[in-house]
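As numbered in my numbering, residues 815 to 1085 make up the sequence shown, in order.
Each statement offered as a hint is correct.
Cβ-Cβ distance ranges computed for the label pairs, FRET-style:
| no. | residue 1 | residue 2 | range |
| --- | --- | --- | --- |
| 1 | Pro949 | Ser831 | 17 to 23 angstroms |
| 2 | Leu902 | Ser837 | 46 to 52 angstroms |
| 3 | Pro1006 | Gln955 | 21 to 27 angstroms |
| 4 | His864 | Val834 | 48 to 54 angstroms |
| 5 | Gly951 | Phe895 | 38 to 44 angstroms |
| 6 | Asn871 | Phe953 | 19 to 25 angstroms |
The calculated lysine to any residue pairs, modelled on SDA-like cross-linking and capped at a C-alpha distance of 20 angstroms, are:
| no. | residue 1 | residue 2 |
| --- | --- | --- |
| 7 | Lys1070 | Val834 |
| 8 | Lys821 | Asp962 |
| 9 | Lys919 | Glu1009 |
| 10 | Lys931 | Glu1001 |
| 11 | Lys981 | Lys1004 |
| 12 | Lys875 | Phe1051 |
| 13 | Lys892 | Asn1029 |
| 14 | Lys875 | Phe886 |
| 15 | Lys892 | Glu1001 |
| 16 | Lys862 | Tyr872 |
| 17 | Lys1007 | Asn889 |
| 18 | Lys1004 | Ile1085 |
| 19 | Lys1004 | Asn932 |
| 20 | Lys1004 | Val936 |
| 21 | Lys863 | Met1048 |
| 22 | Lys1003 | Val983 |
| 23 | Lys931 | Lys1078 |
| 24 | Lys1004 | His992 |
| 25 | Lys1078 | Asp827 |
| 26 | Lys930 | Glu1001 |
Treat the hints as calculated values from the structure; they're not laboratory data.
A virtual CB, placed ideally from N, CA and C, is assigned to each residue, including glycine.
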Amino acid sequence: MSAHWDKHNTWEDAEKSWDVRSSELEQSHPIRQLVKIPKLPGIRPKTKKHLRWKAMNYLAKYDEEKFFIKYFFSNPIKHGFNLIRSYLTPLPFTRDDDFFFYGLKNEQEFRDMLAKKNSKLVIGFSYCHKPFECPSGRFTQECAHETDNPVCGQCFIGKCVHSLPTKQVLPVFITTVHQIGEVIVKEVKKHPKLEITYIITACEMTLQMFGDWANMMNVRGLGVRLDGQICNTMKAFVASEHGIKPGMAVVLDNTKTRILDLIKFRREANI
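All chains should be modelled from the sequences, with the hints used to inform the complete structure.
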């Protein structure tokens, strides 16, 4: 992390240098891009029906090591109360365009969390917006983010990782909802004196399906909606959770700017 940004005196200089090189690489080493953003509903109408039940059923069915079941019953009264309270709300989040806030009202409250000295940021990137040419592979929990790799130099995930501060930040490269959920639970247990928060990129359906479980854990954070060739049916979602993702999801340009602004804010908070 920070390998590129640490070479520059200011955020602006670092970002300008990154963007110039990225534009040059687009010409010399072009990678597959999503030329046109398809107009797809975030969740298909049929899929929306009983979505909370589908989410609970999915978590239980594919919880092979019973991790979440054991976590729930580690404090069933507390977790049950939090889960029911979340279920009683129309939606488990507060939405601001592509930002989905869990346990928070708005971006300012999230920034207040990022500014805390006793906070740790888990920032997770869905494999669905990795480039097809990713040197680490798409359906993996790895990210090379090499400074001299022409693919990494054009990748938004690579840009984010290079801009992250090094202290009390954990980048995660997400393959499944169980994986990122386990990471957050383990971080909460590992750092009882720190407040764990998160930024996670995912399709709208995923952000809606599993928001209740984030609220159950009482871990406040931010979900970022992906666009492009997203999963908006259970069939597509389950396939993607098993590495079958022929399409490319993307973070929209305005949303990229908002994410980078948050990373800049965290970096300059000098945690």
